[in-house]
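Protein chains: 4
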Amino acid sequence: MGKIKTIGVLTSGGDAPGMNAAIRAVTRAGICNGFNIKGIYRGFDGLINDEVKPFTTENVSGIIMQGGTILKTARSKEFMTPEGRQKAYETLVKEEIDALVVIGGNGSLTGARDFASEFDFCCIGLPGTIDNDLYGTDSTIGYDTTMNTIVECVDRIRDTAQSHERIFFVEVMGRDAGFLAQNSAIASGAEAAIIPEDSTDVDQLARFMERGIRKSKKSCIVIVSESPKCGALYYAERVRNEFPNYDVRVSILGHLQRGGRPSAHDRILASRTGVGAIEAIMQGQRNVMIGVRNNEVVYVPFSDAIRTDKPLDMKLIKVLDELSI
Amino acid sequence: MGKIKTIGVLTSGGDAPGMNAAIRAVTRAGICNGFNIKGIYRGFDGLINDEVKPFTTENVSGIIMQGGTILKTARSKEFMTPEGRQKAYETLVKEEIDALVVIGGNGSLTGARDFASEFDFCCIGLPGTIDNDLYGTDSTIGYDTTMNTIVECVDRIRDTAQSHERIFFVEVMGRDAGFLAQNSAIASGAEAAIIPEDSTDVDQLARFMERGIRKSKKSCIVIVSESPKCGALYYAERVRNEFPNYDVRVSILGHLQRGGRPSAHDRILASRTGVGAIEAIMQGQRNVMIGVRNNEVVYVPFSDAIRTDKPLDMKLIKVLDELSI
Amino acid sequence: MGKIKTIGVLTSGGDAPGMNAAIRAVTRAGICNGFNIKGIYRGFDGLINDEVKPFTTENVSGIIMQGGTILKTARSKEFMTPEGRQKAYETLVKEEIDALVVIGGNGSLTGARDFASEFDFCCIGLPGTIDNDLYGTDSTIGYDTTMNTIVECVDRIRDTAQSHERIFFVEVMGRDAGFLAQNSAIASGAEAAIIPEDSTDVDQLARFMERGIRKSKKSCIVIVSESPKCGALYYAERVRNEFPNYDVRVSILGHLQRGGRPSAHDRILASRTGVGAIEAIMQGQRNVMIGVRNNEVVYVPFSDAIRTDKPLDMKLIKVLDELSI
Amino acid sequence: MGKIKTIGVLTSGGDAPGMNAAIRAVTRAGICNGFNIKGIYRGFDGLINDEVKPFTTENVSGIIMQGGTILKTARSKEFMTPEGRQKAYETLVKEEIDALVVIGGNGSLTGARDFASEFDFCCIGLPGTIDNDLYGTDSTIGYDTTMNTIVECVDRIRDTAQSHERIFFVEVMGRDAGFLAQNSAIASGAEAAIIPEDSTDVDQLARFMERGIRKSKKSCIVIVSESPKCGALYYAERVRNEFPNYDVRVSILGHLQRGGRPSAHDRILASRTGVGAIEAIMQGQRNVMIGVRNNEVVYVPFSDAIRTDKPLDMKLIKVLDELSI
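Protein chains in written order, with the UniProt record's numbering: chain R, 1 to 325; chain U, 1 to 325; chain G, 1 to 325; chain S, 1 to 325.
Just so you know, these hints were derived from the structure itself, not from any lab. A portion of the hints provided could be inaccurate.
To be verified - For lysine-lysine, the following DSBU-like pairs were computed, each having C-alpha atoms within a straight-line distance of at most 30 Å:
| hint | chain 1 | residue 1 | chain 2 | residue 2 |
| --- | --- | --- | --- | --- |
| 1 | G | Lys94 | S | Lys218 |
| 2 | U | Lys87 | U | Lys77 |
| 3 | R | Lys218 | U | Lys218 |
| 4 | S | Lys53 | G | Lys87 |
| 5 | S | Lys77 | S | Lys229 |
| 6 | S | Lys318 | G | Lys218 |
| 7 | G | Lys229 | G | Lys315 |
| 8 | R | Lys94 | U | Lys218 |
| 9 | U | Lys77 | R | Lys218 |
| 10 | U | Lys318 | G | Lys5 |
| 11 | S | Lys53 | R | Lys318 |
| 12 | S | Lys77 | S | Lys87 |
| 13 | S | Lys94 | R | Lys5 |
| 14 | S | Lys53 | U | Lys53 |
| 15 | R | Lys218 | S | Lys318 |
Stated by the list, open to error - A partial selection of chain U residues facing chain R, derived with a Cβ cut-off under 8 Å:
| hint | residue |
| --- | --- |
| 16 | Ala74 |
| 17 | Lys77 |
| 18 | Glu78 |
| 19 | Ile157 |
| 20 | Gln162 |
| 21 | Glu165 |
| 22 | Ile252 |
| 23 | Gly260 |
Just so you know, these numbers come straight off a predicted model, no measurement behind them. Using N, Cα and C, we set each Cβ at its ideal position, and we do this for glycine too.
Use the sequences and the hints to build the structure in full.
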């Protein structure tokens, strides 16, 4: 492994607000410290297909406040095959890229880890996902913005819920993690959250409806984590069957949760971790994700970052229960 | 018909942002001009069930910026029966209410018109609906706010559409009227709108896809007016079948379109028409809807306001076509 | 005057949200109808200095939601001289521009009018100003967005005013016109507005303070139109002297009123008038401003548009007075 | 000291978004755990003057999304005197309040500490201030919202700065702490921040202007921390004198930084610390501030919380420097 001169940067997986701020930070901190920067388009697919472009500071001008990613993104099936990864490696050689910064979530960093060990290549990860399901960083780039978007939507839905005295089941994203559901329920003053982690309680709905009825509130909001089988539609249907007196509605927030101007928090997180990625490379780090914990930039080995058990703080359930009385 | 001393105010039908500003305006302008004001809860149902409360200026303090309606709202089935309307009339007599201000959309003003003629009662309407489907006013209370909400959501969705190079079908409200779909498509820079009024064109989708393919844009947004049969899901399914190369997604904005802080425009419209309702009563008007046309407060007879053919300006289709090239 | 083949477009004067949407509309509708489009940078200065660039549809892609103007803008002193205008004309000849679309406010359209008559050149105006002080159009591009920005700011300030029980004097823009002040006062539920047009009332402040004290509200908001001598600071000082019991604060909103994502209303207005400019040129119109009145696109001769007496509806003062009780 | 039955809650000092969410959390968690809750109006002044009201869960219904504080707030001069504090104590005795939750910033918690030790009274603090200048908690209630507000304002101002190619000096709050200035500069992509902590560098402006000129950017934004002598007006004047070629403007954001709907982050922080205050009381804690560090609720002794040297991370200056190239 020689001296690193050129750094490639790509975004991968679902887009998250703040990815552009991260691209900007990697590019500018890289150039500022003497590296060449190359932008790789369409995630690992673009690496396979050699969609690579040299970046200057101007390429990332005026993007800090934009949602989405100017590098485009994708979930690459080909990169999951040895042939795909071989092609990707050949692009890196051809483009003389010595290190790769991957901005993405759990799946993308898993891909980066595998690629890094397979080809002994320097990969640095940035936690870019709205799901907050990466271990070792207090939050992920995009999570805070998405939280604000959800809360703003629920504030709007509450106007209608109260005016019509209805129960709303609002479905939010989060994949297998309940961070978005649990915390947006607290932040929006929802009456309950139904989350994947709470598996000990066989019937979260029944528990809530009992409490809800006891309180005799006439309108309420339940936040439901997305789920193939037990999403908002499922619970709404159950309430319609079991409690026919209630006027029940469903709102599935869907893709609007991903976009939008990033919050101040996410822009700063993206800026600090982007600068941190360049520093890590300069310090000879490799195969780590850059995170922020307790207001400090930290390096988290890939295998720690992507472990599946980032725990949801169960005390938050108590917070929600006490505050929705 | 004696002198009017007490005015009742209610909201009816789907809630719309700005209804609270209208309640405030009716209440304060009424009190300011020497009337007693009584708030009637839950629309015509509350009139039937005597859910009535005297209002002072304090009752409407701090509500101008709130979405929804502090008076609650409902779609009353009982009011559609002669018995229901009789009970409603008895409440008015009992509560000594001499005139009624109804804030609502097409269905609510139709109810007000029928009630007014049946009992020779002074009813004044305010155009409170996000659908903009009332004739005689440049816009309805709530329409502008909902337009801004939709456009904000589509701006967010576009971030994802562009980052992933997808086609999004975004479904918006509007009942039988395409105002929201057509105009939000123009305002959000969408590539097409599919609206109920455009019935001459048997296949709006095919027309758009041809143009879209010709342009070879890789991502695009199509706004679809809600419809039981031909909503966003229907068109997405068709594209998936007929153009399998595209990555197609659906977003149904749903109830979040109704709520939220009203825009400046809607607060002013609500304030002016609310003051106008009191003026109309003082001038002996009855059975008119208060609107604003060309920046002037106007009185629109109920039968004109609720006629079903408020036309969508077909020139707007040309605007959208020319600007989405 | 031969057939028009190439159209130049520029923005001039203070920037206004929606200017980009207007540039996009002129460009795309122009190209769609067979014209060449050239963008002129930095207003009339850029015309004098030949800062001109051919525009394609891509040049205006993704700008509909951006505040400011990608063409930059300036207030040109040189264009006020005959020599400056001569140079500007020479640029047009050299660049083979046959018609000019000027997006700007009162001063810019006055310049366009003078230039058009001096050189017998086809100029079309679009009403781009936050001040709403152009005659013949229901509103100007940028006015609605600025109204929403002001109202959002005042909503925030009210939180503090109520929490601390203070009087706030909030100064807003508007040049010599009170549209922004008067209407934002209504929309924000302010207790009073002090506007330049209300010259009959020698002492708007005293009138308000009497009413305010009578009502014994403990916090209140007064919107003040900007003015070299009698701005918010002036009135705050007077209250401090004359009513020392009150806790008085000032907030001068300043330049943040100009920027930001344009509202749905302004994007549509910009789109319709931009398309209208191209239609007007095709119909042989010249020296008109394109406006929208009563939901219809209209052509307003420059001299009408810039006349100084666009009246503020004095009934609005009554609306504010009645609703702030 | 007997068993605690009744808990009083008050807000003090400058208002901050999220204070209402904190009042709600203290009230509901208190009631949920068997305490009586009493709301004290107008901060320590209200304690002195016995402005106290029993609170039920309904008193705090619908306030989680509201800026400001329903309990009002003030900076009490009388509470700084022994006589004032004695009266305050007498109110507590009379109202049978056994513990006091004080929501406020540095000054308010200093007052609480002194009062607690003087009368051996159980006081618990919540960090309610936009300034983020309390030690022991990752952030204070209100700071995140204010950061978002500032960044939104600067995004708007940038539209104008770029359109007109100007230098803007934007002054933000923060008292003696540069958190808001430094971090909002990073988040808004500003070219520089001028902060009180950076005292080693005698001339932050000169350093920036050199770099700025070297980069030959035509527009730029400098965030300036509020300061009696060296605020935005001071630096703008200097640039006008020393670099007369630049078009310089000033924007003082002022009080609008305080209000507005709290962000998701601040609502959660307020909810968790509010619940934490009740838990602390139940555990026999006293004279501690409840904070959140590294996603965990922590108890911080008052004397630690209010020590004056909460350090600004000087690495952030490097982040800003590298990213503004």
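Query raised in the report: Within 30 Å, alpha carbon to alpha carbon, are Lys87 (chain U) and Lys77 (chain U)?
Result: Measuring from Cα to Cα gives roughly 13 Å; hence the hint holds.
Query - Interface hint outcome for Ile157 (chain U) [beta carbon to chain R under 8 Å] - result: With Cβ-Cβ at 5 Å, under 8 Å, it holds.
Query raised in the report: Is Lys318 (chain U) close enough to Lys5 (chain G), meaning Cα to Cα at most 30 Å?
Result: Since the Cα atoms of Lys318 (chain U) and Lys5 (chain G) sit roughly 21 Å apart, the hinted pair holds (cutoff 30 Å).
Requested in this report: Compare the distance between the alpha carbons of Lys77 (chain S) and Lys87 (chain S) with 30 Å, and conclude whether the hinted pair is satisfied.
Outcome: holds, 13 Å
Query raised in the report: Taking 30 Å as the top limit, are the C-alpha atoms of Lys229 (chain G) and Lys315 (chain G) close enough?
Result: Roughly 26 Å between the alpha carbons, so the hint for Lys229 (chain G) and Lys315 (chain G) holds.
Requested in this report: Quickly compare the C-alpha distance for Lys77 (chain S) and Lys229 (chain S) to 30 Å and report which way the hint goes.
Outcome: OK: Lys77 (chain S) and Lys229 (chain S) at ~25 Å, within 30 Å.
**Report entry** Hint status (Cβ of Gly260 (chain U) to nearest Cβ of chain R, threshold 8 Å)
**Finding:** holds, 4 Å
Query raised in the report: When you check the alpha-carbon spacing of Lys218 (chain R) and Lys318 (chain S), does it fall within 30 Å?
Result: Distance ~53 Å between Lys218 (chain R) and Lys318 (chain S) Cα, so the pair is violated.
Query raised in the report: Does the structure keep Lys318 (chain S) and Lys218 (chain G) at a Cα separation of 30 Å or less?
Result: violated, 47 Å
Query raised in the report: Does the interface hint hold: is Glu165 (chain U) within less than 8 Å of chain R, judged Cβ to Cβ?
Result: holds, 7 Å
Query raised in the report: Once the shortest beta carbon distance from Ala74 (chain U) to chain R is found, is it less than 8 Å?
Result: Check passed: Cβ of Ala74 (chain U) comes within 7 Å of chain R, closer than 8 Å.
Report task. Would you check the hint for Lys53 (chain S) and Lys87 (chain G), treating anything up to 30 Å between C-alpha atoms as holding? Result -> violated, 74 Å
Checked against the numbered hints above, the structure violates hints 3, 4, 6, 13, 15, 17, 18; every other hint is satisfied.
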